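Protein chains: 2
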Amino acid sequence: MRMLLIHSDYLEFEAKEKTKIAEDTENLKGKLEECLVSFIAVEREDESNVKGIIDKAVEEIKKVAEKLKVKNIVIYPYAHLSSNLSSPETALEVLKGIEKELKKEFNVLRAPFGWYKAFKLSCKGHPLSELSRKIVPEEEKKEKEEVES
Amino acid sequence: MRMLLIHSDYLEFEAKEKTKIAEDTENLKGKLEECLVSFIAVEREDESNVKGIIDKAVEEIKKVAEKLKVKNIVIYPYAHLSSNLSSPETALEVLKGIEKELKKEFNVLRAPFGWYKAFKLSCKGHPLSELSRKIVPEEEKKEKEEVES
Ligand SMILES: [Mg+2]
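If you're matching them up, the sequences are chains P and E in order.
Taking the numbering used here, the leading residue of the first sequence gets 1, the next gets one more, and so forth.
Taking the numbering used here, the leading residue of the second sequence gets 1, the next gets one more, and so forth.
Any given hint could turn out to be false.
A pair counts as met if it fits within one copy or between any two copies, since identical chains are not told apart.
[Said to hold, decoys possible] Quick list of in silico lysine to aspartate or glutamate cross-link-like pairs, DMTMM-like style, CA-CA up to 25 Å:
{"#": "1", "residue 1": "67", "residue 2": "17"}
{"#": "2", "residue 1": "18", "residue 2": "34"}
{"#": "3", "residue 1": "69", "residue 2": "9"}
{"#": "4", "residue 1": "16", "residue 2": "47"}
{"#": "5", "residue 1": "63", "residue 2": "47"}
No lab work stands behind these hints, which were simulated from the structure alone.
Quick caveat: nothing in here was measured; it's all calculated off a predicted structure.
So that you can see chain P by itself, here it is in the shape it has in the complex:
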C-alpha cells in the first residue's frame, strides 16, 4: 500500500463519472474541514493479507491523526500512487475495512472507489502536513516455521 497523508483545511469532492470498476454508492459528494486526508493505493502484495494491511494502515493513520490532534479523516482512493495495483475487489475491501475501523474513533468521510471525481483541497503547509508511507502486510505466521525456529 502507498499512502499520502495531507493535513488539510478542507477536502471536498464530487463524483462525476463512473469508470468500469466504480462501486455502487449514493455518496457522490462530500466535504470535511480540519481533516487528515489519506490518499491510498492498495497494491498487489496487499492481497495476501487483507486484514493485516487494514490493521497497519489504520495504525499509521491514527498515529498521524493523534499527533496532529485531528478528529476528521478522509479516505480517498488514489490509484496514481502506485504502478502495481491490487484487484478492484481487494482495494474496495481494504478501503471499507479502514473506514470501518477508523469510524470507532473519528469522523470519517470515504470518497467512492472507481469514479472520476472533482476535488478541492487545501494543504496547510507546516512540516508535518504532507507525509508519504509505504505499508507492507505482515507475513502471516506459519505453524511450520514457528515449530522449526
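Fit chain E with the ligand to the given chain P structure using the hints.
This is chain E with the ligand only, laid out in the frame that chain P set:
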C-alpha cells in the same frame, strides 16, 4: 521521474518554511487558474541524462496540455511521488530546465523546491483530469553497441 498531471481550476501556493535543501528564491507565493499542474519527483536514474529527462518531461507535459487546450502550466516539486529521489542539485536543475523550455510556449508558474508549502488545488474531475506518468531517460547512444549490433 514520476509525474502526476492534474487539470485544475486553480493552483495556489505559499511557501511557509525552508527545508535544508531549499532553493534560494523570492517567488514564495503564486496562483494560476485554468491550468495543468505537474507534480514532479526527479529520481536517481534521471541523473544519468539530465538533458534527456528534461526533453521527455517537456514533451509529455506539452502533449497533455495541448490535448486539454491549456495555456497555463504549474511545475510543482513533489518528492512524495517516489522513494528513489535524485540529489537535490539534479532535481532543481531538471525542474528549472523544464520551466525554461515550457516558457517558450506557455505561461509557467514554478513552485519553489525544498520548501514546506501550503497549497490549494481544484481538480476538474473529468476522465483526463488526472494522469500519472513514469518517465525514463533515453539511453545515451554508445558507439560500441552501435557497431556490435
Ligand atoms: Mg487555516
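Okay, the hints, checked on the actual structure:
| no. | hint | result |
| --- | --- | --- |
| 1 | 67 x 17 | between (36 Å within a copy, 20 Å between copies) |
| 2 | 18 x 34 | between (28 Å within a copy, 24 Å between copies) |
| 3 | 69 x 9 | within (13 Å within a copy, 31 Å between copies) |
| 4 | 16 x 47 | neither (29 Å within a copy, 39 Å between copies) |
| 5 | 63 x 47 | within (24 Å within a copy, 35 Å between copies) |
Of the numbered hints given earlier, the model fails hint 4 alone.
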